[in-house]
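Undergrad: Residue numbers (our numbering), protein chains in the order written: chain R, 1 to 302; chain Y, 303 to 1012.
A couple of the hints might just be wrong.
To be verified - Which chain Y residues face chain R? A few, computed with CB under 7 Å, are given here:
1) Y340
2) A866
3) A867
Said to hold, decoys possible - Chain Y regions said to be covered by chain R (calculated; three or more residues, Cβ under 8 Å):
4) 349-361
5) 854-862
What the hints contain is simulated information worked out from the structure, not anything from laboratory work.
For each residue, glycine too, the CB sits at the ideal point set by N, CA and C.
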Amino acid sequence: MPTFDHPYLDLTRMEMLKRVRLKPRGVAEGTFAGPHKSQYRGTAVEFADYREYVEGDDVRQVDWKVYARTDRYYLRLYEAERNLLAYLVLDTSGSMGFAGAARITERKLDYACRLTAALAYLVVSEGDEVGLSLTDERLHEHMAARSNWSHLGTMIATLGRTKAKGRTDLGRCLMEVYRRVTRRGVLIVLSDFLDPSPDVWKSMDLFRRSKFDVMLFQIVHPEELELPDVPMARFRETEGGSGHFNTEPELVRELYRKRFAAFLSEIEAGSKTRGCDWYLARTDTDPYLFLKHCFLARESRR
Amino acid sequence: MFGVTNSWILVGLAAVGLPVLIHFLTRARPRVIRYPTYHLLIEAGRGRQAVHRLRTWVILALRTLAVMALVLAFSRPFLKTPGADIEPGQARRVVLVVDASMSMRAVAGGISLFAKARAQAADLLRSLEEGSSAGVVFMGATPRAALPALSRNLAVLHEELASAEATLEKGDPMAALALAQTMLDGQGAVYVFSDFQRTNWGSVAFDSFAGMTFFLRPVTPVGIGNVGIVAIEKSPGEPIEGETIDVACTVFNATADKRLETVHLDLEGVTQNADIELQPYSSGTATFTFSLPTAGCFPGRLSLAPDDLNDDNTRYFKVPVRRALETLLVSDADRDDPASAAFFVETALCPSEYADTGITVTRRHSQEVDRASLERADAFFIVAPARLRGDTLETISRRVLDGAYLVCFLDGPTAPAVVGGLRGASSGMISPPFQLERAVAAERAGGEFFSGVRTAGGPLKVFDAPDQGDLMGLSFRRHYLTDVVPTRKEEVLARFPDGSAALSLSPAGRGAAIFVNFPVAPDGSDLVGNPLFPSLLHELMRALRTSGAGDADTPGTRWHIDVAAGQSPEGDEDACNVVGPDGQEIEAVVVARGRTVRLALPPASVPGHYRVSRGGAQVNVGIINVDAKETDTRQLNITGLLDAANVPRAGMVSVLDTEGQLISAGRPTRLWPHLAALAALCLGAEMLLLAVWRRRRGLVLGARLEGRAQ
């Protein structure tokens, strides 16, 4: 197993995820024989079921032990095991560059990159394929799914060069991703989901109708949950715009908190309605621990 | 008009900008934050921001207002008002008019109204600015100033106030205000402390006091309820020994309740009681009937039960009883003619020397009237025909004007001359209320009748009930057509069907005159054969002597007593002693001599009987009673005094309902306490609002901290 010396991937911390496997809900449609279930049944190493022999079946699949017991002819059926396809879509718009005002943490983008790297590592280490798409107002980077370590290294390097800039048009970018992918798999979106466009949900619906397993990681900074603790602030948009809003955060804190909570509820509700998994990631938490909790929770829901 | 005492402090108004400056200097600099959820913040915070901005402006406004109010307060502003055209602390010139009339002796809540007025006046004196000069005028029948002019020696005025008492006099507000005006040289403020009785104040006109300002302080919010005796009428006013006397007592109820009062008569052994029911704010009459067997002057009094104002519950009177009424009958008819009118009149007055009618009759021919008879007579009868001499007419006129009585029969051709002569001799004061036009005679068959008896509530008893004194059945064959003087038609007691006056009763100086315009001779009427005739004559005599006069003198005014001229044992005919009700001898000055001697007396201070004696014998009694107007204690509607028609200048007259208003009236209104209060209010409001708003923030902050800890 190669080593990666990059801030976005701490292999030591990845140890806590060694027992974690990204298992898709439903079945995989990979190219190679992998550990994930495939909806296709055929020559495979794992017994699936019995079927009564009919004229024309391959006699080599007859289970003679069963014949000896029952005096009837049955075929053994096996499940074809195929590998996972994971598509990582990372939002690199300007809003992801927020690192806090009074309480400084790493940028949301950095945090998301670490999650992305960890997820990619998990997939590749299972022998599965992982692809990466970087989005802001357009899809400005798309790496097709591969399963080798050099591909992972390239991905991590690409992540390292990423800058948070531009506006958000996540819906349009996801549509673009959908057009580019050829096989179904697991779609993992890492974003702050501040794009108010309904296209985001339309694209989710597309993926879900195509039987993709969708995982949404919403990245938030603690100061997005609660307003920065400063006496007086002039708030400006992060993605352009000339407007500003002068206020004492204390005055509007409660109202904002409720509004943001409502916003999160909308995202969560939209996700649940579409059968997507939604996870709220705070930048002040350990990403590896976070992922561990996410997968455990996902496993408990299977 | 607005003014300030310390105008230099107004420079401090520049400090009004301080709160604004501090606000902007201490405002926290905003930290620029590029915020991902900007649009969510906008949605949540816009409305709140507007509220916050409003709160900020409110706080700023309160602070600015507080600074402005403080600065202005230190400049000690004031408002000049009409009657207060001076600066605060400036010396003033004021006169205090304190009502000292009888009604102010009424007691309310254990203290007299005058005591209240006195106390309030003293409070006002104490509150005057240093250097102020003041005067005090006590209002009575004649105003009395404590000091002749304004004085800065307020201690003396205090002493005068403290020692003053309400009088038993009536009040004369116009005189008191005029005195105040004189003391102030026509410019200044007058404070009036009174009960503002409507009977005294109803006629006050402030347009006579153009340059003055008046502050009226009622010492009682409403008039004190009172019942008192307001009038006495005797009939006859000068009775004869044994003659029936009626004393009618009028009582006034100045309360809002029905009252049942008992009037008590006390007169030389005669005591009677009479109950009288009185409606609210109305008067009623109680009548006492008695006779006095002997001649003399008998003092008497009528009284009620005590109430809050006792001084009008007793009223004094006298009954001068004559031994006999001396009458002089002047007629040119033959003394022995039994068909003459004079004969019948003389016979009716004094039927015989044995009949004790109390009337003595002296008869004279008009050309033979002697001076002694003229001077001795109490009553004169002129019965036509009579051609009186000029000196006789003059003497009769003088005597009647001096109090004697006249009955003049206008039958025959001499009547016009008699009427004209009397009118001329008395300068028109003795004349009938009609003009004689011409004599008319009736047909024997038809006759002339009295068209209807009209008494007008008058004194002729015979006319009280038609069945007793009905003269309609009598016939008169001649009379004079008369033209009644419209303004004197009330003096006509009876008329003929053609409207001519048949009988009249007119006042004539201190006496009275009756003019009879119908014949009493048998050839002219059937009156003399009627038993009505004597009673008619006697009732006429009684009517002439009915009077309430002589009891009209009141405390506080100069008055006189007339006594019959006589000789004292020492030979000094004018040596009379006058003793008041309290036993004090009163100095009397002779101001006129004649058949009567007139004694001038100083103003009386107490009501009652003032006995005049000469040589140890009582010769007359003077009567002083409180003025009946003081009994009606109802308060004037003071706002009516502020009527524009009565007050020529706006703000000239103010009514002060409270003690506070009394002290502040006439002074410029000091604004600094109000401004200081405003500043305190603004600062208090600012602190309260900040505390409330910050508390809310603290709750939210505390909740956040708790959330983080968890």
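Undergrad: Identify every previously stated hint that the structure contradicts and give their numbers, smallest first.
TA: 2, 3 and 5
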